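Enquirer: Using the sequences provided together with the hints, build the complete structure.
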Amino acid sequence: MKFNNINVYVSSKAVIGKNVKIGDNTIIYDNVEIGDNSIIANNCVLGEPLNSYYSDESYVNPKTVFGRNTLIRSHAIIYAGSQFGDFFMTGHTVLIREKTIMGTHCSVGSFADVEGYSTFGNYCRMHSYSNIGMESKLGNFVFVYPYVNFTNDPHPPSNVCVGPTIGDYSQIAAHSVLLPGVQIGKNCLIGVNTTVINNVPDDSVVSGNPGKIIGRTRWIKSKEKENTSHYPWMYHFDKGMPWKGIGYEQWLKENPDF
Amino acid sequence: MKFNNINVYVSSKAVIGKNVKIGDNTIIYDNVEIGDNSIIANNCVLGEPLNSYYSDESYVNPKTVFGRNTLIRSHAIIYAGSQFGDFFMTGHTVLIREKTIMGTHCSVGSFADVEGYSTFGNYCRMHSYSNIGMESKLGNFVFVYPYVNFTNDPHPPSNVCVGPTIGDYSQIAAHSVLLPGVQIGKNCLIGVNTTVINNVPDDSVVSGNPGKIIGRTRWIKSKEKENTSHYPWMYHFDKGMPWKGIGYEQWLKENPDF
Amino acid sequence: MKFNNINVYVSSKAVIGKNVKIGDNTIIYDNVEIGDNSIIANNCVLGEPLNSYYSDESYVNPKTVFGRNTLIRSHAIIYAGSQFGDFFMTGHTVLIREKTIMGTHCSVGSFADVEGYSTFGNYCRMHSYSNIGMESKLGNFVFVYPYVNFTNDPHPPSNVCVGPTIGDYSQIAAHSVLLPGVQIGKNCLIGVNTTVINNVPDDSVVSGNPGKIIGRTRWIKSKEKENTSHYPWMYHFDKGMPWKGIGYEQWLKENPDF
Chain A
58 MKFNNINVYV SSKAVIGKNV KIGDNTIIYD NVEIGDNSII ANNCVLGEPL
108 NSYYSDESYV NPKTVFGRNT LIRSHAIIYA GSQFGDFFMT GHTVLIREKT
158 IMGTHCSVGS FADVEGYSTF GNYCRMHSYS NIGMESKLGN FVFVYPYVNF
208 TNDPHPPSNV CVGPTIGDYS QIAAHSVLLP GVQIGKNCLI GVNTTVINNV
258 PDDSVVSGNP GKIIGRTRWI KSKEKENTSH YPWMYHFDKG MPWKGIGYEQ
308 WLKENPDF
Chain B
58 MKFNNINVYV SSKAVIGKNV KIGDNTIIYD NVEIGDNSII ANNCVLGEPL
108 NSYYSDESYV NPKTVFGRNT LIRSHAIIYA GSQFGDFFMT GHTVLIREKT
158 IMGTHCSVGS FADVEGYSTF GNYCRMHSYS NIGMESKLGN FVFVYPYVNF
208 TNDPHPPSNV CVGPTIGDYS QIAAHSVLLP GVQIGKNCLI GVNTTVINNV
258 PDDSVVSGNP GKIIGRTRWI KSKEKENTSH YPWMYHFDKG MPWKGIGYEQ
308 WLKENPDF
Chain C
58 MKFNNINVYV SSKAVIGKNV KIGDNTIIYD NVEIGDNSII ANNCVLGEPL
108 NSYYSDESYV NPKTVFGRNT LIRSHAIIYA GSQFGDFFMT GHTVLIREKT
158 IMGTHCSVGS FADVEGYSTF GNYCRMHSYS NIGMESKLGN FVFVYPYVNF
208 TNDPHPPSNV CVGPTIGDYS QIAAHSVLLP GVQIGKNCLI GVNTTVINNV
258 PDDSVVSGNP GKIIGRTRWI KSKEKENTSH YPWMYHFDKG MPWKGIGYEQ
308 WLKENPDF
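Those protein sequence lines, which keep their order, are chains A, B and C.
Using our numbering, read the first sequence as starting at 58 and increasing by one per residue.
Using our numbering, read the second sequence as starting at 58 and increasing by one per residue.
Using our numbering, read the third sequence as starting at 58 and increasing by one per residue.
Which copy is meant is left open, because identical chains are indistinguishable; a pair holds if it fits in one copy or across any two.
Straight line, CA to CA, 16 angstroms or less: simulated EDC-like cross-link-like pairs of lysine to aspartate or glutamate:
#1 Lys78 x Glu114
#2 Lys243 x Asp260
#3 Lys78 x Asp113
#4 Lys120 x Asp87
#5 Lys120 x Glu155
Simulated from the structure, these hints should not be mistaken for lab results.
Predicted model only: the values in this text are computed from it and were never measured.
Expert: Pasting the structure below:
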């Protein structure tokens, strides 16, 4: 239904892999590269030119690279100058700015705004309406829930731009705000509606405004299995995860460098 | 101005009622049914195929039903497999996923994200940027204000999905978050920026993070009439309500089963 | 790349200035006026007709005026009946309703929703996802950060509509909610995730839920210069500001009426 080749514009300078589907009304600008077996749905804009395009007559669109098995849902706007690993996936109406570097298997939810100049590990998930400010650094398996805001200006407006850093496996629940430059460790859980103002050590649970450490993630009991902690969550959740079928323990053994 | 039949795509398998207007650049996929006297504005996508469409070669788009007198503003994306009663209305750029069941006279504001697998009574209003997670249940006349988030995963990420339940007439003010599975009674007022962590009995006012019951709705004085409580609000507000012109009391008498 | 004249619709009743570029798939309705040297990017809708258009057969689109050097990025929806001064700029996918009056050099970030019937001074900046409710009044140089919500109904739902008023130079940080009718003075800083429930005098810092005055802006030390306060910020920040190159002090002398 979506691939009728109606009102599609693909630059002659784009490089489209094998078995790539492109939806109606989609625009693909210069120097976009799309890996094999990808789906770009309808009404998307890939390789949106940077701001200097409007003023610089000799503007050249920087390269934008999507890996294999990409799935971009409709109405995405993705700027030129970013790079996404294999199996990248988006919801609808996402906005991703330049100099965004994502590992493999990352996803960006509907209405999310990734402001660029940030790095993401593998298997990160940004849910709907998440807003990742510039100069953020996310490890692997970091999940960010709706309306979360990564800020970067300590005294708005100023010339300082210092984003948050998040360790592997940490979960940032809905409506939380991370203040500029905070460093969150590995395996943390930032509760809903938390304002994180200080650095957070590994395995901490943080809640409140201002956010305070209220415990350790291993203290949180599972709702699925009695007398078990839900965290580290990797032992209890495998949907879309690389340890699906073999378990986290076994996967770790097979991937010692991760 | 909006109905020039430019770049419109309507599936031959869609069923369009009498006196339906369809705006430019709008896409209507298979098995969408639109009731009489409806307006679908420009740049909309109705009957967006489910995820399995991308992988299943024998995919058939499930039926999507819009009642009579529907008004969908521009840039809406509404998945296949949902059902909307008469007089359904949206703002711009809304996203509604599959298995959303809405009664009559519901509205969804601009940039709202209704994630599907949820039920809504009649006359519900979701305002801009509201995010209704899966497995939510709303009664009649429930109004949800900007940036409100209905969550459903108690320990993210987990395999549990249990949404909130909201009773008739309750109001969920801006920036509130409802934790998974909370049950909010009838006639409640959840104040702005509240994190609701426990069940809430009928007629309660809840505020804070964590949310606490701070009073009864009937204690709230009207700003419009002296020495009167504003709540239950149905006695003081009738814009777009079925008791407009006759009053809530009379309407209740005439609609004893509501 | 963006200006190929593909699927563009411009009403014969629109007035387009000199040296104006219009992107592909953009729609410009009746009685829109665009000043010289402007750029309207792709997939925009300017002069979106008001609600009465759908029911009134004699509907005439009210005038919409954009000044010179306007830059509107893709997927903006801007209703008829608003007015924007020179150098107006937007991000992507903004929504601006009727009877919005903005001075010069204002900007509206991606996914922002300006609900109309509001006035803005010069050099205001609404960042991504900001939601400016009806009947708001902003002075000059007011910056509003992501997810901020200006509310206007004290007892939802009611017939009262009274928006906030914000003085010159004040900064409203991310995720804050302003309750209906609050008056915020000049040079204030509303911290992140603050619920402002009372009026705020000039030069105050407000934080918390409910918001409390926690100090004076001049007490906040700069992160850029030792032994200096960052506020008033105009002495330390000039990106895009009219005092760039000459300093705020000198600019004030040259603009005594500002």
